[in-house]
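Residue numbers (this note's numbering), protein chains in the order written: chain A, 534 to 670; chain B, 534 to 670; chain C, 534 to 670.
Read the hints as simulated data drawn from the structure, not as lab findings.
No experiment lies behind these values; they were computed from the predicted model shown.
Where hints are given, some of them may not hold.
[Claimed, not checked] Rough simulated footprint, nothing fancy, chain C against chain B, three-plus residues with beta-carbon under 8 Å: (1) 539-551; (2) 565-571; (3) 595-604; (4) 658-667.
[Unchecked claim] Subject to a maximum C-alpha distance of 30 Å in a straight line, what follows is the list of computed DSS-like cross-link-like pairs (lysine-lysine): (5) Lys639(A) with Lys661(B); (6) Lys661(A) with Lys535(A); (7) Lys535(B) with Lys594(C); (8) Lys639(B) with Lys594(C); (9) Lys546(A) with Lys602(A); (10) Lys661(B) with Lys594(A); (11) Lys639(B) with Lys639(A); (12) Lys546(B) with Lys594(B); (13) Lys535(A) with Lys535(C); (14) Lys535(A) with Lys639(C); (15) Lys546(C) with Lys594(C); (16) Lys661(C) with Lys639(A); (17) Lys602(A) with Lys535(B); (18) Lys594(B) with Lys602(A); (19) Lys602(C) with Lys546(C); (20) Lys639(C) with Lys602(B); (21) Lys594(C) with Lys594(B); (22) Lys594(A) with Lys594(B); (23) Lys639(C) with Lys546(C); (24) Lys594(A) with Lys594(C); (25) Lys639(A) with Lys602(A); (26) Lys535(A) with Lys535(B); (27) Lys639(A) with Lys535(C); (28) Lys535(C) with Lys661(C); (29) Lys639(A) with Lys535(B); (30) Lys661(B) with Lys535(B); (31) Lys639(B) with Lys535(C).
All C-beta atoms in this analysis are idealised placements derived from N, C-alpha and C, irrespective of residue type, glycine included.
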Amino acid sequence: MKSYREELWFETKTRRAYLNITSQVEAAVRSSGVTEGLVLVNAMHITASVYINDHEPGLLKDYDEFLEKMAPQNATYRHNETGEDNGDAHIKRQFMGREVVIAITKGHLDFGPWEQIFYGEFDGRRRKRVLVKVIGE
Amino acid sequence: MKSYREELWFETKTRRAYLNITSQVEAAVRSSGVTEGLVLVNAMHITASVYINDHEPGLLKDYDEFLEKMAPQNATYRHNETGEDNGDAHIKRQFMGREVVIAITKGHLDFGPWEQIFYGEFDGRRRKRVLVKVIGE
Amino acid sequence: MKSYREELWFETKTRRAYLNITSQVEAAVRSSGVTEGLVLVNAMHITASVYINDHEPGLLKDYDEFLEKMAPQNATYRHNETGEDNGDAHIKRQFMGREVVIAITKGHLDFGPWEQIFYGEFDGRRRKRVLVKVIGE
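Just chain A, same shape as in the assembly:
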């Protein structure tokens, strides 16, 4: 069994952002040399998500509006009594999810026609990481 580990680093200019990281994950799979296996891609921070959906600008705005309506930045959160201001981001991240697990088949991400991997940032403007871990043969 082979294993491979890589970190992807991001620093978004806005508090919330949605970045397509598919090609970076595909490159990590290529570096791993694994042709049959699984790749785990997860946010290493707890106010960000990794999720799979469509790369369509209207949809990214729909998600952003939905999340802000569901857990508004300026609502009252007990978490913010600690001095933080990101209580909303912890809730938004739970909706979009922490991680995805993707099949690797014949050396590639085994994807349907529209699947793309996104890094969802809900408390950005600082350096944060995504972990890519590959196992297989």
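For chain A, the structure is supplied; the task is to place chains B and C on it using the hints.
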């Protein structure tokens, strides 16, 4: 390490549907010959989910009503300006999730007493796929 | 390839509870002898979650209030017509998720600075299980 791949195809008669696919996944695990490992089951389309919960008709209606209230089909979505009419389905799918990962122990799905695998369709009436990928020994 | 399986049992005193199980999962990884691989941690019951987020008491209250507002215990659920009273718990669990998959690197959970594993109970006061399944080398 062994690996195995199978696609399950669905075409629901209704726009939204909830199909119990547990026996099909169990059959794929049997075909794989893997007795200890993991199986990934994921929607290959971005307006559908694979999730694990109870096979109880009332609950399926509860989920459906909850999801339709959360993201109504007839609300306004920027995604629908592209000519699509499934903005709601992309949001419903995020709530229910894209994938499940299940342990395989002694050749079987390692499940608690009520765990069942469902395909959640939010934009059906066309052929769509689920990927089953098994790795292990 | 090595594999390892362990069950963690819980019986919470309250209907809803959020328990940090990170050290128990770390101990299971140690017992497995796996130094490079993946660990799956999932609720074996369908009214509970395993999720990763911050161990901060205010945040746990934020989650609890958010979930109770989203799917109130005393609302009307078709599922409860079966004699159950936990329709709300099935919806809360879908929001928080069933499972997490965590990379194992050099024998440890490969975590960012604040990641902690939680068991989220939404229908407690009875014995329920979490499955820890490790695969790797």
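Here is how each hint holds up against the structure:
1. 539-551: violated (count 0)
2. 565-571: holds (count 3)
3. 595-604: Holds, because 3 residues of the segment 595-604 of chain B bring their Cβ atoms closer than 8 Å to Cβ atoms of chain C.
4. 658-667: The restraint on the segment 658-667 of chain B is violated, since only 0 of its residues have a Cβ under 8 Å from chain C and three are required.
5. Lys639(A) with Lys661(B): holds (22 Å)
6. Lys661(A) with Lys535(A): With Cα atoms ~27 Å apart, Lys661(A) and Lys535(A) stay inside 30 Å; holds.
7. Lys535(B) with Lys594(C): violated (44 Å)
8. Lys639(B) with Lys594(C): Roughly 40 Å separates the two Cα atoms, so the pair is violated.
9. Lys546(A) with Lys602(A): Holds, at roughly 22 Å.
10. Lys661(B) with Lys594(A): holds (26 Å)
11. Lys639(B) with Lys639(A): holds (27 Å)
12. Lys546(B) with Lys594(B): holds (17 Å)
13. Lys535(A) with Lys535(C): Holds, at roughly 13 Å.
14. Lys535(A) with Lys639(C): holds (14 Å)
15. Lys546(C) with Lys594(C): With a Cα-Cα distance of about 17 Å, the restraint between Lys546(C) and Lys594(C) holds, given a limit of 30 Å.
16. Lys661(C) with Lys639(A): Status violated; Cα separation ~40 Å.
17. Lys602(A) with Lys535(B): Roughly 46 Å between the alpha carbons, so the hint for Lys602(A) and Lys535(B) is violated.
18. Lys594(B) with Lys602(A): Judged against 30 Å, a Cα distance of about 25 Å means the pair holds.
19. Lys602(C) with Lys546(C): Holds, because 22 Å separates the two Cα atoms, which is no more than 30 Å.
20. Lys639(C) with Lys602(B): With Cα atoms ~46 Å apart, Lys639(C) and Lys602(B) exceed 30 Å; violated.
21. Lys594(C) with Lys594(B): Distance of about 29 Å is within 30 Å: holds.
22. Lys594(A) with Lys594(B): The given pair, whose Cα atoms are some 29 Å apart, holds under the 30 Å limit.
23. Lys639(C) with Lys546(C): violated (37 Å)
24. Lys594(A) with Lys594(C): Cα-Cα ~29 Å, so holds.
25. Lys639(A) with Lys602(A): It is violated: about 42 Å lies between the C-alpha atoms, which goes past 30 Å.
26. Lys535(A) with Lys535(B): holds (13 Å)
27. Lys639(A) with Lys535(C): holds (23 Å)
28. Lys535(C) with Lys661(C): The given pair, whose Cα atoms are some 27 Å apart, holds under the 30 Å limit.
29. Lys639(A) with Lys535(B): holds (14 Å)
30. Lys661(B) with Lys535(B): holds (27 Å)
31. Lys639(B) with Lys535(C): Holds, at roughly 14 Å.
Consistency note: the structure conflicts with the earlier hints numbered 1, 4, 7, 8, 16, 17, 20, 23, 25.
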